[in-house]
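S.K.: With the hints as extra help, turn the sequences into a complete structure.
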Amino acid sequence: AAGVIQSPRHLIKEKRETATLKCYPIPRHDTVYWYQQGPGQDPQFLISFYEKMQSDKGSIPDRFSAQQFSDYHSELNMSSLELGDSALYFCASSFVHSTDTQYFGPGTRLTVL
Amino acid sequence: KQEVTQIPAALSVPEGENLVLNCSFTDSAIYNLQWFRQDPGKGLTSLLLIQSSQREQTSGRLNASLDKSSGRSTLYIAASQPGDSATYLCAGGTSYGKLTFGQGTILTVHP
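Chains as they are written, first to last, in the working numbering: chain A, 616 to 728; chain B, 226 to 336.
Worth double-checking, as some hints may not be accurate.
Heads up, simulated EDC-like pairs for lysine to aspartate or glutamate below, C-alpha to C-alpha not over 16 Å straight-line [said to hold, decoys possible]: (1) B:K226 / A:D671; (2) B:K267 / A:D645; (3) B:K267 / B:E228; (4) A:K667 / A:D645; (5) A:K628 / A:D700; (6) A:K630 / A:D671.
If you are wondering where the hints come from, they were derived from the structure by calculation, not from laboratory data.
M.R.: The structure is reproduced here in structure tokens:
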């Protein structure tokens, strides 16, 4: 069965650089969620999109922005990177907004030097 | 604001033992509760989803229960195996789908 695809899987950036993370949901899933998991931490909700519209927002820094495109893939754009942004970034997708199981991708490991 | 707590933080059991992982949440207006498994450095694998109107869900050797009135959920693992060793996370969901995670229980099943 198809799973959530995230790219790249690993990313190394310098402070103050920008990064773009991509997420391709499971086919026919219309909702995408982004989570950030710091070292030794539980995942923290950043933002979600349903039918290409932002549906909820969590503790996402103003330096970050995201969107969902017409083909339902989503991109998380991160600017002015800080050391504290180093984390695993997960994307999840679901078929029915809010009531369905969220299926997580393998994550993008971002390291900021 | 939803807060989710998991007890114990770590658990080590011999193979074959039945075990229970506990999860508590502060906001009883939870929409659903999901249990995940995470292997070191890997993504999250969904194990069970319980809607707020349900009391329990079962999948193979796993059984999860939900008691909204007491703010608790449990994950029961029967006949544990070394391959069950992982971190188990519970997460409470809102009507918009946002999941709030607990800190997880690190399970080690030794042969």
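S.K.: Against each hint, give a clear statement of whether it holds in the structure.
M.R.: Outcome of the hint check:
A C-alpha spacing of about 14 Å is found between K226 of chain B and D671 of chain A, which places the hinted pair at or below 16 Å, so the restraint holds. A hinted pair counts as satisfied when its Cα atoms are at most 16 Å apart, and K267 of chain B with D645 of chain A does not qualify at roughly 24 Å. Between the alpha carbons of K267 of chain B and E228 of chain B the distance comes to roughly 24 Å, so the proposed pair goes past 16 Å and is violated. For a cut-off of 16 Å, the pair hint linking K667 of chain A to D645 of chain A stands: about 8 Å separates their Cα positions.
With a CA separation close to 10 Å, the supplied pair K628 of chain A and D700 of chain A stays within the 16 Å bound. Simply put, K630 of chain A and D671 of chain A have alpha-carbon atoms about 28 Å apart, too far for the 16 Å limit, and the pair is violated.
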